[in-house]
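**Student:** Can you build the whole structure from these sequences, using the hints too?
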Amino acid sequence: MPLEPPPSLQPLTAAIGPLDPWLSTIRPFGTYALQGLSFWEDTLLAVDTVRGYLLQVTVTNGDTQILNAHHTADFLDATGLAVQGDKLWFTRGSSVYYCTLGDLTPHHFVTLPYQIDGVAIWQSTVYVSSQKLGYIVIFEAATARQITRFPTPGVGSEHLTVRDEELWVSDRIEQTVYCLDRGTGEIRFSVLTPFDQPTGLAFHRHPASGQDILYLAYAGEEPYIRDNPNADPSHELAIRDRTFIHPLHFHYYEDERYALSNGYLIEMSYVEELQPLEEVHLENVEWRIALPAETNRQKVRQVEPIGVPFTEELHDGQRVAVFKFAALKPGERRLLGWKALLEVWSIKYQLAPREVENAPALSPEFQARYLVDDDELAMDKAPIRWAAQAAVGTETNLLRRVLKIRNYVYDRLSYGIKPHIDTPDVVLERGIGSCGEYVGLILALARLNGIACRTVGRYKCPPYAERQFVPLEPDFNHVWIEFYIPGFGWLPMESNPDDVVDRGPYPTRFFMGLAWYHAEMAKGVSFENVRVQGAPIGESLGVSLGDLSINHIKFKILGELAPSA
Numbered sequence: 082m083p084l085e086p087p088p089s090l091q092p093l094t095a096a097i098g099p100l101d102p103w104l105s106t107i108r109p110f111g112t113y114a115l116q117g118l119s120f121w122e123d124t125l126l127a128v129d130t131v132r133g134y135l136l137q138v139t140v141t142n143g144d145t146q147i148l149n150a151h152h153t154a155d156f157l158d159a160t161g162l163a164v165q166g167d168k169l170w171f172t173r174g175s176s177v178y179y180c181t182l183g184d185l186t187p188h189h190f191v192t193l194p195y196q197i198d199g200v201a202i203w204q205s206t207v208y209v210s211s212q213k214l215g216y217i218v219i220f221e222a223a224t225a226r227q228i229t230r231f232p233t234p235g236v237g238s239e240h241l242t243v244r245d246e247e248l249w250v251s252d253r254i255e256q257t258v259y260c261l262d263r264g265t266g267e268i269r270f271s272v273l274t275p276f277d278q279p280t281g282l283a284f285h286r287h288p289a290s291g292q293d294i295l296y297l298a299y300a301g302e303e304p305y306i307r308d309n310p311n312a313d314p315s316h317e318l319a320i321r322d323r324t325f326i327h328p329l330h331f332h333y334y335e336d337e338r339y340a341l342s343n344g345y346l347i348e349m350s351y352v353e354e355l356q357p358l359e360e361v362h363l364e365n366v367e368w369r370i371a372l373p374a375e376t377n378r379q380k381v382r383q384v385e386p387i388g389v390p391f392t393e394e395l396h397d398g399q400r401v402a403v404f405k406f407a408a409l410k411p412g413e414r415r416l417l418g419w420k421a422l423l424e425v426w427s428i429k430y431q432l433a434p435r436e437v438e439n440a441p442a443l444s445p446e447f448q449a450r451y452l453v454d455d456d457e458l459a460m461d462k463a464p465i466r467w468a469a470q471a472a473v474g475t476e477t478n479l480l481r482r483v484l485k486i487r488n489y490v491y492d493r494l495s496y497g498i499k500p501h502i503d504t505p506d507v508v509l510e511r512g513i514g515s516c517g518e519y520v521g522l523i524l525a526l527a528r529l530n531g532i533a534c535r536t537v538g539r540y541k542c543p544p545y546a547e548r549q550f551v552p553l554e555p556d557f558n559h560v561w562i563e564f565y566i567p568g569f570g571w572l573p574m575e576s577n578p579d580d581v582v583d584r585g586p587y588p589t590r591f592f593m594g595l596a597w598y599h600a601e602m603a604k605g606v607s608f609e610n611v612r613v614q615g616a617p618i619g620e621s622l623g624v625s626l627g628d629l630s631i632n633h634i635k636f637k638i639l640g641e642l643a644p645s646a
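For the sequence shown, the tail end lands on 646 under my numbering, and the numbers increase by one without skipping.
Note that these hints are calculated values from the structure, not bench results.
Be a bit skeptical, because a hint or two may be false.
To be verified - No farther apart than 25 Å at their CA atoms in a straight line, the calculated lysine-lysine pairs in the DSS-like style are these:
#1 K462 <-> K213
#2 K635 <-> K604
#3 K420 <-> K213
#4 K462 <-> K499
#5 K420 <-> K405
**Tutor:** The structure is reproduced here in structure tokens:
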């Protein structure tokens, strides 16, 4: 019988209405790479930077018109886009241009020393972003006089739009949208995007509900299998352009200092197939498998058994499925596991270093549990102890220390899947590590610096939000870390997927943040173990899980969700 979470954990969410055309994915016709985004009355304007098309797109049906049929050369390689009245502003190369929507003849506005990525207009001011410059520069629209500038919030190319007193910034590498104070550039909060490579953003008011909808453009490439009758076999891997526009749903929970964005209802199943490498006879067996956790970004709607019924236990508030067998005999084959219905969201915490300066000391209980070498972390080895000092230097702020440790590890490791997990000292010398080895090194360095942290995670849903109702199977499991701030709580941090730029600057999208496709299992307990009934947890059964069974993990995305206020 399905196990329901208690009423206090029932999520307050709203499913995205599939029949609402204003909340659907928009795929303009004949486009390759959309850049920039702006509204002109009730229609979207965007640039296909590959073809130089200035496009007018009807939101509700995707109808697409080329507005600059005789001026495409003027818009080749254009990126940013903004509209005010009947005047269109756009960026190309290191310059900003403007024209009227009546004749589209471009007029030069301003040039910077480096490539310009985005532009936004608010009354008499023009906002211009440049990744290479590292600043958002604000100009007077009438005279092109520079008024001020402030640092860009991320490390990638950024697009801009303005809503009232807010400047909104989308960052292509960070896969993040930032809400800034329009006057000071201070970050109010940020949210993760459900897809990678955002390339433009614009607000528009829903005609029925009156609520503002934030639309994002995305542009990149994707691999696919295509038919090729000249090949043997008659299929081959190819690459194609992928571009579309999608609403970004979000809510900032200011009191709790985090924002949620585009959630998905997913079905996850974890099943063990009993198939020993060598036949065994085991008596009075308890087989424990952790169940998905309840967190700020993940809610469990229901869980049900697969194959063999289970009972449920709570360990430190975490749910664990327990399968009991009087005996497992030679030649016996079984399936056992669970299927869960989960709400998963992208989450991003907004906490500044200054806010943790006066954090209370770590409790003795946490010191005893989370500052020790409890998983072959080589914390007593000289290279690791030296690295722990070198990673933080003279930094004393807790948040900055964690980030410096992460960046230190990123500088010294490259990602590579290994058949087994080596200790941090071996990994540091080798310079290549899997996600588990990144985690081990970060844990060792953080704990030696007095920072409580733990391994969490287990699996990621393959990140294809548009592939709904299709079985998706991850290629391998996955782990990341959580670090603890006394007086606040646990914060997530990915251990290696931000390592996308050699020697940095590294994105911080998953520093205090997780994408929707992370599936969190019960925390602080073993994910899976087998023991004799009544024996202490962790006591060896004389046979390893890998020799006893084969696991099968599947995900299925059932729909999109919007967070509630």
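**Student:** What hints, given by number in increasing order, does this structure fail?
**Tutor:** 1, 3
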